[in-house]
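Residue numbers (the numbering used here), protein chains in the order written: chain R, 32 to 344; chain G, 968 to 1314.
Worth flagging that the hints you see were computed from the coordinates, not collected in a lab.
Some clues are possibly wrong.
In silico DMTMM-like cross-links for lysine to aspartate or glutamate, where the CA-CA straight-line distance does not exceed 20 Å [claimed, not checked]: (1) R/K127 <-> G/E991; (2) R/K92 <-> R/D60; (3) R/K127 <-> G/E987; (4) R/K92 <-> R/D240; (5) G/K1154 <-> R/D157; (6) G/K1154 <-> R/E149; (7) G/K1227 <-> R/E121; (8) G/K1154 <-> R/D91; (9) R/K92 <-> R/D107; (10) G/K1151 <-> G/E1230; (11) G/K1265 <-> G/E1282; (12) G/K1154 <-> R/E113; (13) R/K166 <-> R/E131; (14) R/K166 <-> G/E991; (15) G/K1154 <-> R/D240; (16) G/K1154 <-> G/E987; (17) G/K1151 <-> R/D152; (18) R/K166 <-> R/D107; (19) G/K1151 <-> R/D91; (20) G/K1151 <-> R/D240; (21) G/K1154 <-> G/D1165; (22) R/K127 <-> R/D157; (23) R/K166 <-> G/E1230.
Which bits of chain G does chain R cover? Going by a derived footprint, with three or more residues having C-beta under 8 Å, they are [to be verified]: (24) 986-999; (25) 1159-1173.
Just so you have them, the derived chain G footprint on chain R, three or more residues with Cβ under 8 Å [said to hold, decoys possible]: (26) 81-94; (27) 107-114.
Glycine included, every Cβ here is placed at the ideal spot set by N, Cα and C.
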Amino acid sequence: MSSNTRAVALRCRGLVKRYGQVVAVDGLDLEVSRGECFGLLGPNGAGKTTTIEILEGLLDKDAGEVEVLGQGWARDGQRLRERIGIQLQETQLNDKLTVEETLRLFRSFYREGPSIQELIDIIELDAKRSSRVGKLSGGQRQRLAVACALAGRPDVLFLDEPTTGLDPQSRRQLWAVFGRFREAGGTILITTHYMEEAETLCDRVAIVDRGRIISVGTPASLIASLGAGHIVEFAVEEGSAPADEALRRLPGVRDVRHEGGAVLLIADAPHHTVPALLGELDRGRARLARLTTHSATLEDVFVALTGRHLRDE
Amino acid sequence: MSDAARPSPLVQLTLVRIREYTREPEALFWAFVFPVLMALGLGVAFRSPANPPIRVGIDTRARGETVRATLEGTPGFEVRDVAPERVEAALRDGEVHIVVAPGDPPVYRFDPTRAESRLARLAVDDALQRADGRADRWAARDERVVSPGSRYIDWLVPGLLGMNIMATSLWGVSFSIVQTRVRKLLKRLVATPMRRGDFLASQLVGRLIFLVPETATLLVFSWLVFGVRIRGSLGLVAALCVLGAVSSAGLALLVAARAKTVEAVSGLLNLVMLPMWVLSGVFFSSANFPAAMQPFIKALPLTAMNDAVRAVMLEGASLGGITLEAGILIAWAVASFGLALRLFRWL
């Protein structure tokens, strides 16, 4: 692996992909450095999977430039496949094979890579090596899928919603596997709609909406762009909420936003903001239906940028 | 791991096919047990015993002890009583071939459109006339000829063999491919450096490996139970089985080339197979179809397969006697593989 961490691992310029009338990716620019863990964050249908599959060489682009490890898919496809590892969102591995048999199959496709035992150790699945894939839990199956992606000792690992639907413990086990890959100098491009995942794993995050990147930065810098680190959210049951100008004058409030029936105060000192807010509501004879506070997350960044939630279920 | 220790992708992919197959009990039933049950069932139903008895009914209305005694005393007859109101039904259902009403002269009731009824009338008449004193003016010398391989079961087994080879290849290969595609596993495999040719070759190699026990089971079973023998070269039968399996695998690849769902591939398979089950002479001779259809029927791969295997097994034909059929099978294999590779949907 190259020791030059400044080198570019992945690059897209003006990437466009259409499906009939639908524009899935609409002029997307992206640059990921070697050794970096880069997250694509966005709601379903934002174009994350399409982007990642074009980078993986599985989809053709309609326009734009794509470079992976300094090479292009058209010319260097076979060589690139030796150097990247892929976990697809919907792959079902063969239920009738055992863990070890599955790994042996994937390992056979690559010229170089870890031994079967090393792969099993990486995903900590030694106890299940002779179990059929059909008998594994969701988390174990996903770890196996990641081990298949690591079978060629790749320089770049593509992960498309790797922990969707998993319980928190399984999620942490997978994060540990990704962490070990990064320690060895690997580059990761990951799509997710879990904020915690992006904040834990990613050096930088790109927020994707409607086929474009609307903001890029470290998770901390994106959250800081809100202007304050906390969110006070409330809704009133009776009477009317105070006017935005009044709310903006409350101590510690940096910004006011509306979402559905709720009001969001972006604040840097909730312990000052909340008592003042209650006083303000009292004066207006409004009764609270709900009041919560939390530290600002990437979700709030997304809401601030688009006025919508990442997951609209 | 060094390059030398790296396992071959083709071997690994073929092992996957073998594991998929042997870990699927239903597939094993259809490939091994079903053809044997077919051979057993049809072989027993249509067996040709040396001397099938002639079943004679005696009309119970008339008293005819001498007629009964005569017929019972003659070998080859099976005599039973038939009540007058049952006569028609007994004849219609084949319970008896003829009903004799004793008297002077006796009355024979039989259905002249049925061969066994006409035979029964001749035999019964002959036995009763002789008992009444008729003498033969001379006795002919009989020469009995029973040609081996002329029974229905001898004719049936090659057809079952061809049908089984075609069915297992078509279902096995096309289902495996479509399932891999439906589960997005094909997409995942294509994302690795796997050579696409290795994936397709593993389907063919896996099929040829299973061909050996599948065909051997049917041939050995029908030899042990029914004495069905191969008059020609066993090697030639084996070569035809391989050729049949390869051209069926080509068809399977074509059927599975673009199908996106298991339902779609099932429909296509029925469309391909059912006409051949009927037309290609599996259970009854394709000569039953009008002459105008014969060129089309002869061009079907299963017809070529069945005709060639029958020629070798029943008549002892050599390669020279089956060149047309072998050519048809090769043409199907080349055309279907060629077209399938052009149409194949990898992603």
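Checked hints:
1. Straight-line distance between C-alpha atoms of R/K127 and G/E991 comes to about 9 Å, which keeps the hinted pair within the 20 Å bound.
2. This hinted pair checks out: R/K92 and R/D60 have alpha carbons roughly 13 Å apart, not beyond 20 Å.
3. Taking the CA atoms of R/K127 and G/E987, the gap is near 6 Å; set against the 20 Å cutoff, the hint holds.
4. Note on R/K92 and R/D240: the hinted pairing holds, with a Cα-Cα distance of about 18 Å set against a maximum of 20 Å.
5. The straight-line distance between the Cα atoms of G/K1154 and R/D157 is roughly 27 Å, outside the 20 Å bound, and the hint therefore fails.
6. Only pairs whose Cα atoms come within 20 Å are accepted, and G/K1154 paired with R/E149 is rejected, the gap being roughly 25 Å.
7. Distance restraint check for G/K1227 and R/E121: the Cα-Cα separation of roughly 15 Å lies within the 20 Å cut-off, and the hinted pair is therefore satisfied.
8. This hinted pair checks out: G/K1154 and R/D91 have alpha carbons roughly 14 Å apart, not beyond 20 Å.
9. Distance check on the hinted pair: R/K92 and R/D107 sit about 16 Å apart at the alpha-carbon level, within 20 Å; holds.
10. For a cut-off of 20 Å, the pair hint linking G/K1151 to G/E1230 stands: about 16 Å separates their Cα positions.
11. In summary, the hint linking G/K1265 to G/E1282 is supported, as the alpha carbons are separated by about 19 Å, within the 20 Å threshold.
12. At most 20 Å may separate the alpha-carbon atoms for a hinted pair to count; G/K1154 and R/E113 meet this at roughly 16 Å.
13. Only pairs whose Cα atoms come within 20 Å are accepted, and R/K166 paired with R/E131 is accepted, the gap being roughly 13 Å.
14. Restraint check for R/K166 and G/E991: the C-alpha separation of about 15 Å stays at or below 20 Å, so the hint holds.
15. Note on G/K1154 and R/D240: the hinted pairing is violated, with a Cα-Cα distance of about 26 Å set against a maximum of 20 Å.
16. For the hint linking G/K1154 to G/E987, the alpha-carbon distance of about 19 Å falls within 20 Å, and the restraint holds.
17. Distance check on the hinted pair: G/K1151 and R/D152 sit about 26 Å apart at the alpha-carbon level, beyond 20 Å; violated.
18. Between R/K166 and R/D107 the alpha-carbon distance is near 38 Å, which puts this suggested pair outside the 20 Å criterion.
19. Pair hint G/K1151 plus R/D91 holds up; C-alpha atoms about 18 Å apart against a cutoff of 20 Å.
20. Distance restraint check for G/K1151 and R/D240: the Cα-Cα separation of roughly 26 Å exceeds the 20 Å cut-off, and the hinted pair is therefore not satisfied.
21. Between G/K1154 and G/D1165, the direct Cα distance comes to roughly 15 Å. Compliance with the 20 Å bound is thereby established for this hinted pair.
22. At roughly 18 Å between alpha-carbon atoms, R/K127 and R/D157 fall within 20 Å of each other, so this suggested pair holds.
23. In summary, the hint linking R/K166 to G/E1230 is not supported, as the alpha carbons are separated by about 26 Å, beyond the 20 Å threshold.
24. Residues of the region 986-999 of chain G with a Cβ under 8 Å from some Cβ of chain R number 4, which satisfies the need for three, so the listed coverage holds.
25. Coverage of the region 1159-1173 of chain G by chain R holds in this model, with 3 residues showing a Cβ closer than 8 Å to a Cβ of that chain against a need of three.
26. Here's how the region 81-94 of chain R fares: 4 of its residues keep a CB closer than 8 Å to some CB of chain G, so the rule of at least three is met and the hint holds.
27. For a cut-off of 8 Å, the count of residues in the region 107-114 of chain R with a CB near a CB of chain G stands at 3, and the three-residue condition holds.
When each numbered hint is compared with the structure, violations occur for hints 5, 6, 15, 17, 18, 20, 23.
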